[in-house]
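Let the sequences and hints guide you as you build the complete structure.
Chains A and B, in that order, are what the protein sequence lines are.
If you're matching positions, the first sequence starts at 2 in our numbering and goes up one per residue.
If you're matching positions, the second sequence starts at 347 in our numbering and goes up one per residue.
Hints are computed from structural coordinates only; laboratory data are not their basis.
It cannot be assumed that every hint is accurate.
As the list claims (entries may be wrong) - Keeping only pairs whose Cα atoms sit at most 27 Å apart, straight-line, the calculated DSSO-like set for lysine-lysine is:
hint	chain 1	residue 1	chain 2	residue 2
1	B	Lys-696	B	Lys-357
2	B	Lys-353	A	Lys-135
3	B	Lys-631	A	Lys-135
4	B	Lys-631	B	Lys-647
5	A	Lys-135	B	Lys-357
6	B	Lys-578	B	Lys-488
7	B	Lys-631	B	Lys-416
8	B	Lys-529	B	Lys-578
9	B	Lys-401	B	Lys-416
10	B	Lys-512	B	Lys-529
11	A	Lys-135	B	Lys-488
12	A	Lys-135	B	Lys-578
To be verified - Beyond 10 Å from chain B on every Cβ pair, some chain A residues (computed):
hint	residue
13	Gly-81
14	Leu-88
15	His-215
In this text the structure is predicted, and so the values were computed from the model without any measurement.
By construction, the Cβ of each residue, glycine as well, lies at the ideal position given by its N, Cα and C atoms.
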Amino acid sequence: MTQLRENLNAKTGDPILVMKDLGKSYQLGSHELKVLRNINLTILEGEYVAIMGPSGSGKSTLLNMIGCLDRPSTGDYFLGDQNVATLEDDDLSRIRGERIGFVFQSFNLIQQLNVVENIEIPMYYQGRAEHESKSRAIELATMVGLNERLDHRPFELSGGQQQRVAIARALSNDPLIILADEPTGNLDSSSGSDILEILDRLHSEGKTLIVVTHDEHIATKAQRVIRLFDGYIDKEEIKQR
Amino acid sequence: MFAFRLKRTIKLGVKSLWMHRLRSILTALGMIFGVSSVIAMLAIGEGASQDAQDKIALLGSNNIIVKTVKPTEDQSSMGQQQTLQEYGLTYDDAERFRNAIPDVQIIVPNRRLLQQAAYRRRRISIEVIGTVPWFPEISPVKLKYGRFLSGTDMHYKQGVCVIDEKVVKDLFAFDDPLGQDVKIQGDYYRVVGISSEQSATPDSAAMQKDKAKNKKGGANAGGVYIPLTTVKNRFGEMTMQISAGSGRTMERVELQEIIVQVNELEQLLDTRQSVQTLLARFHKKTDYEIIVPYELMRQAKDFQRIFTIVLGSIAAISLLVGGIGIMNIMMATVSERTREIGIRRALGAKKRDIVIQFLSETLLLTLSGGLLGIVLGVGIPFAVTRFGQTRTIITPESLILAFGISVAVGITFGLYPAYRAANMDPIESLRHE
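Structure below.
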């Protein structure tokens, strides 16, 4: 741990994500398919981590584990001070809303809601008051440069603008981790650069970022790159920025 | 907190439904027609029943009405051709009721004849009712102007009459009828009073047939009340009918009707039995019919209960069909919005939140359908009354029932799609295209 902290020259804090011997397998008839094996991973507060690997390496499954969308078959997973590996469905929902901010490749905005309402969703499920969540949503929309588009619905926005709404939404409950899955995968290079800039800015403000990607360019922005292969952590690279 | 979440949930539900407004409207139509048919059918049923009960009540719940009925051919001819037929109620019957039945309060003997009445150049069909001065005490007919027949009129067999408002309208138009003379079968009768229209009495089938045969009058002819003694004196008791098959037939009927009123409702059935026994003893043929309005009212209430059950069942089936339609659409909606469900679950929605969201959408559909159904359901009876001249009654219970049904349909048919939505795997849902 001290070694890891010493190797990172950016401002990083205590561990906020710890996975110990984590494994995930699916039963397919009589055959057990092991998707993740012996994952031991620690991510510090304020770190920018890229998870890479070829198709079928277990990237998406690891993302689902980190995002508390799925439970591990074996091992422990501590998010903050809580072991979330054994939590019930409702508790996992609460943890997701409180501690994880998702940014998806295909934006995943709700079509019938406008920009502000989309950003408000995680706050709504955390039971925050309407006036509070609305002013916070406007503040976040302004932060990502969408203050002129507050009443627009997703289909009235470009891909880059939609992804900015998704980032604002991910920040709404001030989560421990921003978890981005191929955030520039559906964007042209210019919009993609804008999004990476925003992610960079968030990191420099002290946010913890975990990005799952195929894109080596994104990986160059991260402090640490974790490479998966066949369900294992194949390699970890810590970069000097 | 709860109010805030409820408000947001409703707002979101409205937005989601508005996104597919045509589909939402078509889905709600099932509820609209279901609820409106419940209200309209109950209102029409209630109105018809109340109408029947009111008409029966006007006959007097304490009354026993005995009517003359023409006996069947077998009974009247006794196997041989007769030229004079004598049948029906007699003055002796009225006297016997008075003397032999202790609970009887009032007895009214009546004669009814279909005649033509003339005033100046106008001529109309009327029903002459030969009656006694105390007739208004047991009848719904109310005196409007002038006076009713008096004991003196009876005693001196005066040529006076009381006419009802229908006769006033048909015969006198704009003239004041009081003090005028009306000509009936060659005799003049001075109008001394005007009464309200007579209510339709439940005539026996035989009498209705007689009325139908006699083109001079009918069930809806106006009534002219003349002292019973005058009628007996001037019209006699004989009527002559000429038919192609049997030639001339003479009929002798003393009274068409005797109304017996008892003091207390409890005495009604015993008195009816006494009347029956007396008539059976003195009449060889069954030339009478006993009508007890109270029993008719009970029958009408029983009929209304069955009618309500039948109509309610039809309406319930239509609501069931509407409910299944809503469930079908909600299942399609859930399937269509799988990705949205995944997004919401990823962003912190618990299963309960998803259930509430979809259930609230179903409830919004059914409640808005239910409210519009209530508006339409109130409108239909109004139109039926306005254009169909049929009485309808909308009871508050039927509105509450219809609203309650729409809530129940919403919950019943909304729960399954909502639970299905909530139990979707968030990962699978997020992958859904």
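- Message: Tell me the numbers of any earlier hints that the structure contravenes, in ascending order.
- Response: 3, 4, 11, 12
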